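Chains as they are written, first to last, in our numbering: chain L, 152 to 366; chain Z, 12 to 377.
Where hints are given, some of them may not hold.
[What the hints assert, rightly or not] Residues from chain Z that keep clear of chain L, each with C-beta distances beyond 12 Å, as calculated:
hint, residue
1, G78
2, W108
3, I202
4, L276
5, S317
[Said to hold, decoys possible] With the C-beta cut set under 10 Å, the calculated list includes, among others, these residues of chain L facing chain Z:
hint, residue
6, R257
7, Q261
8, A268
9, T274
10, H279
11, P283
12, W290
13, V292
14, Y302
15, L304
16, V310
These are calculated hints, taken from the structure and not from any lab test. Please read these numbers as outputs of a predicted model, since none were measured by experiment. The C-beta atom is built at its ideal place from N, Cα and C for all residues, glycine as well.
Chain residues, written in single-letter form:
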Amino acid sequence: MDVGLVELEAASMPDLEAPLPRDYGGRSGCQTFCLQTPYFPDYSQPRSCSSPAIRTLVFKSAKNMSILITLSILAYQSRSISALPVVPWPGSTLVVPRAVDIFDNRTLLQIIWNCFATIFACTWIAVHPNIPAEKDTQWQVLGRRFAIMGYLLLAPEMVILWAARQHFGAKEISQKYKGVFIASIFHSLTLTNRHRARMDENARLFPHHGWIRAA
Amino acid sequence: MGGFELHDGDTRLRTLDIVELETLEREGKIDWPSISQNQIDDKSKADFLTKAFVVVQAMWFVVGCIGRAANEITVTELEIVTLAFSVLNAVVYWLWWDKPMDVRCPIPVYLKSSPKTLECFGKDNGISSSFPHDLQWTQQPALTRTSSPSGAQTNREPKGTPAHFLQSTDATSTSTDDIYDNLWPFTSRQIAKRGVPGGLFYVFIYYPISVLLQPFDDMFNLTNFRGMEDRVPTFYAPALQSSSDSVVLLLGLTIIPIFGGIHCLAWRSHFPSVYERWLWRSNSLAICVMPFSMILIGTFIHDDKSDRSIWQKCVDQACEVVLIAQIILYIFSRICLLVLPLIALRNLPPSAYIALNWIFFIPHVS
Numbered sequence: 152m153d154v155g156l157v158e159l160e161a162a163s164m165p166d167l168e169a170p171l172p173r174d175y176g177g178r179s180g181c182q183t184f185c186l187q188t189p190y191f192p193d194y195s196q197p198r199s200c201s202s203p204a205i206r207t208l209v210f211k212s213a214k215n216m217s218i219l220i221t222l223s224i225l226a227y228q229s230r231s232i233s234a235l236p237v238v239p240w241p242g243s244t245l246v247v248p249r250a251v252d253i254f255d256n257r258t259l260l261q262i263i264w265n266c267f268a269t270i271f272a273c274t275w276i277a278v279h280p281n282i283p284a285e286k287d288t289q290w291q292v293l294g295r296r297f298a299i300m301g302y303l304l305l306a307p308e309m310v311i312l313w314a315a316r317q318h319f320g321a322k323e324i325s326q327k328y329k330g331v332f333i334a335s336i337f338h339s340l341t342l343t344n345r346h347r348a349r350m351d352e353n354a355r356l357f358p359h360h361g362w363i364r365a366a
Numbered sequence: 012m013g014g015f016e017l018h019d020g021d022t023r024l025r026t027l028d029i030v031e032l033e034t035l036e037r038e039g040k041i042d043w044p045s046i047s048q049n050q051i052d053d054k055s056k057a058d059f060l061t062k063a064f065v066v067v068q069a070m071w072f073v074v075g076c077i078g079r080a081a082n083e084i085t086v087t088e089l090e091i092v093t094l095a096f097s098v099l100n101a102v103v104y105w106l107w108w109d110k111p112m113d114v115r116c117p118i119p120v121y122l123k124s125s126p127k128t129l130e131c132f133g134k135d136n137g138i139s140s141s142f143p144h145d146l147q148w149t150q151q152p153a154l155t156r157t158s159s160p161s162g163a164q165t166n167r168e169p170k171g172t173p174a175h176f177l178q179s180t181d182a183t184s185t186s187t188d189d190i191y192d193n194l195w196p197f198t199s200r201q202i203a204k205r206g207v208p209g210g211l212f213y214v215f216i217y218y219p220i221s222v223l224l225q226p227f228d229d230m231f232n233l234t235n236f237r238g239m240e241d242r243v244p245t246f247y248a249p250a251l252q253s254s255s256d257s258v259v260l261l262l263g264l265t266i267i268p269i270f271g272g273i274h275c276l277a278w279r280s281h282f283p284s285v286y287e288r289w290l291w292r293s294n295s296l297a298i299c300v301m302p303f304s305m306i307l308i309g310t311f312i313h314d315d316k317s318d319r320s321i322w323q324k325c326v327d328q329a330c331e332v333v334l335i336a337q338i339i340l341y342i343f344s345r346i347c348l349l350v351l352p353l354i355a356l357r358n359l360p361p362s363a364y365i366a367l368n369w370i371f372f373i374p375h376v377s
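Throw the hints in and build the complete structure from the sequences for me.
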C-alpha cells in the first residue's frame with residue numbers, strides 16, 4: 152500500500168525544478184485527503200470531489216445518509232484531522248472531502264464559454280435597433296440587427312457615438328416638449344370637463360371612444 | 012428613432028422626424044401626439060430580467076478579471092478583449108437605457124384636416140370644430156375605409172394612393188439590392204459613364220468599399236432620412252444642438268483611449284509567438300491613436316462643397332483618401348485584435364487554467 156502510494160504521488164508531483172507560478176504561502180488546499188493539488192491539475196483523472204458523486208450518495212438510498220453525515224462532519228473538520236491519504240481511483244464513488252481553497256481549476260471550454268457568453272450579452276442583447284418599416288420581414292429586421300452587432304464588434308467606438316447622438320438628441324427633444332406634453336394633457340382635461348355631458352352621450356354612441364385621451 | 016408615423020385615416024403616409032412633426036403641428040395639421048413615458052416603455056421587448064442579465068454578466072466578468080489580476084493569475088487575451096467589450100457595453104447600455112428595444116410598430120399621428128369627417132361629425136353631433144380630434148382618433152378609420160384618402164397636404168406632398176406610395180419607397184430602399192441583382196447592367200452603365208478601367212474600378216473596388224464604409228460615416232453624422240419614407244435609416248439619429256454635439260464628441264474622445272488602453276493591458280502577457288505579441292502591441296496602439304488622427308483629418312475637410320478653390324479641392328481629396336485608408340487600416344487592426352486572442356488559445360500558460368474559487372471569498376467556516 153505504501154509503495155503504491157509513493158509511486159502515485161511521484162507521478163502526480165510536478166517537476167520541483169520548474170518555477171512555481173506563484174508562491175502560495177505554504178498553504179496546500181487539499182492537505183491530507185486529496186492527492187491532487189489544485190495548482191497542477193491532472194486532467195487525465197476525474198475530479199475527486201464531484202457533485203454527481205454526492206448526488207448518488209444522497210439519492211441512492213436513505214441508508215447512506217449516515218455516511219453523508221459522517222462525511223460532512225469530516226469535511227467540516229478536515230483541517231484538524233490527520234489520517235492516511237485516501238487514493239481515489241477512476242470510477243470510485245468515494246467522496247473525498249477537500250478544504251475550500253482560493254484557487255480552483257478551469258478548462259479551456261470554460262474560458263471560451265465565459266468570454267463568448269459575455270460578448271454575446273454585450274453585442275447582441277445590448278443592441279437597440281431603430282424601428283423597421285411595416286413591410287420589412289423578420290429576416291430583414293434580424294439582418295439589420297446582425298449588421299449592427301458586426302459593426303459593434305468592429306468599431307465599438309463608432310456605435311457608441313451613434314448611440315450617444317440618439318441619447319442626447321432624444322434628451323433635447325424630450326426636454327423641449329415635456330412642458331408641452333403636460334400642457335396638452337391639461338388642455339384636454341379642461342376640454343373634457345367642459346364637454347363632459349356631450350361626451351357622455353358620444354361615449355354611449357361610440358363605446359370604444361371613451362376617455363382614454365384625457366386620462 | 013422613427014417612432015412617429017403620419018397617418019391619414021387608414022393610410023400610412025411616412026415616418027416623421029422631429030422637424031416635420033413641429034412643422035405639421037405649427038400649421039395645425041396634426042395634434043401633438045401625447046404619449047407618456049410608461050407608454051413608451053411599454054413598447055420595449057426587453058424586460059427587467061433581460062437587462063439585468065446583461066448588466067450582471069458584464070459586471071461579473073469585470074470583477075472576475077480584476078480578481079484574477081489581483082491574484083496574479085494569467086488573464087488570457089480573449090478575456091482582455093471581452094473586458095474591453097464589457098466596459099464599453101456599460102456606456103452603450105447607459106446611453107440606450109431608455110430606448111425601447113425592438114419596437115415593431117410606430118405610434119400613429121393622424122392628420123386632422125379631412126373635410127369629410129369634419130362635415131360629418133361637426134354638424135351631426137354638434138361638436139365644435141375646435142374639438143374634432145378626439146372623434147377622428149377612433150372614427151376616421153371607419154370612414155376612410157370606404158373613401159379614398161384625400162386632403163393630405165403637407166410640405167413633403169404625399170403621393171395620392173397607397174399603392175403609389177409603396178412603389179416609390181420600394182424604389183429608394185432596395186436600390187442596393189437591385190445593383191447586385193443586376194450586376195451586369197449596373198457595370199455596363201458605369202463603364203459607359205466612366206470608361207472601361209474607371210467603370211470596373213468603380214464597380215468592383217470603389218463601390219463595395221463605399222457600401223462597407225458608409226455606415227461609419229452614418230454613425231458619425233447622419234441626421235436625415237436619406238429619401239426613405241417608411242422607416243428611418245439604420246444609423247439615424249436626430250440633429251443635435253452644438254452643446255450636445257460637443258458632449259458627444261467628448262464622450263467619444265474619452266471612450267477611444269479607454270478601449271485601446273484595455274487592449275494595451277495585455278502588453279506583457281504571454282503569446283504563443285513573438286510575432287503575435289508584436290502584432291497585438293502595434294494593433295492595440297493603433298486603435299488608441301488612429302481614431303484621433305481620423306477626427307483631426309476630418310476637421311480639414313470642408314463641409315460646404317459649393318464654393319471651394321482648386322487648392323481646397325485638392326486638400327479635401329487628399330484628406331478623404333487618407334481618411335478612407337485609415338478607416339480600412341483601423342478595420343484590419345480590429346479584426347487582428349479579434350482573431351489573435353482566439354489563435355492564442357492554442358498555447359496558454361499553465362496559470363490560465365487556474366480559476367478563482369469565489370466561495371473562498373464568501374464568509375464561511377472551515
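Verification of the supplied hints:
Interface exclusion of Z/G78 from chain L breaks down, the closest Cβ pair being 10 Å apart, not more than 12 Å. Interface exclusion of Z/W108 from chain L breaks down, the closest Cβ pair being 9 Å apart, not more than 12 Å. Distance check on Z/I202: its Cβ is at least 30 Å (rounded) from any Cβ of chain L, clearing the 12 Å threshold; non-interface status holds. Non-interface call for Z/L276 relative to chain L: holds, since the shortest CB-CB distance, roughly 15 Å, exceeds 12 Å.
Listed as outside the interface, Z/S317 is consistent with that label: its C-beta sits roughly 26 Å from the nearest C-beta of chain L, beyond the 12 Å cut-off. For the restraint placing L/R257 at the interface with chain Z, the shortest Cβ-Cβ distance is roughly 4 Å, inside the 10 Å limit, so the hint holds. For the restraint placing L/Q261 at the interface with chain Z, the shortest Cβ-Cβ distance is roughly 7 Å, inside the 10 Å limit, so the hint holds. Annotation: interface hint on L/A268 holds; nearest CB of chain Z at approximately 7 Å, less than 10 Å.
With 10 Å as the threshold, the beta carbon of L/T274 comes within range of chain Z, its nearest partner Cβ sitting at about 7 Å, so the hint holds. For L/H279, the shortest C-beta to C-beta distance to chain Z is roughly 4 Å, which falls under 10 Å, so the interface hint holds. With 10 Å as the threshold, the beta carbon of L/P283 comes within range of chain Z, its nearest partner Cβ sitting at about 6 Å, so the hint holds. With a least beta-carbon distance of about 13 Å to chain Z, the hint placing L/W290 at the interface is violated under the 10 Å criterion.
Hint on L/V292 holds. Least Cβ distance to chain Z is approximately 8 Å, under the 10 Å limit. For L/Y302, the suggested interface contact is upheld, since its CB lies about 6 Å from the closest CB of chain Z, less than 10 Å. At about 7 Å, the closest approach between the beta carbon of L/L304 and any beta carbon in chain Z falls short of 10 Å, and the interface hint on this residue holds. Checking L/V310 against chain Z by beta carbon gives a least distance of about 6 Å; that is within 10 Å, so the hint holds.
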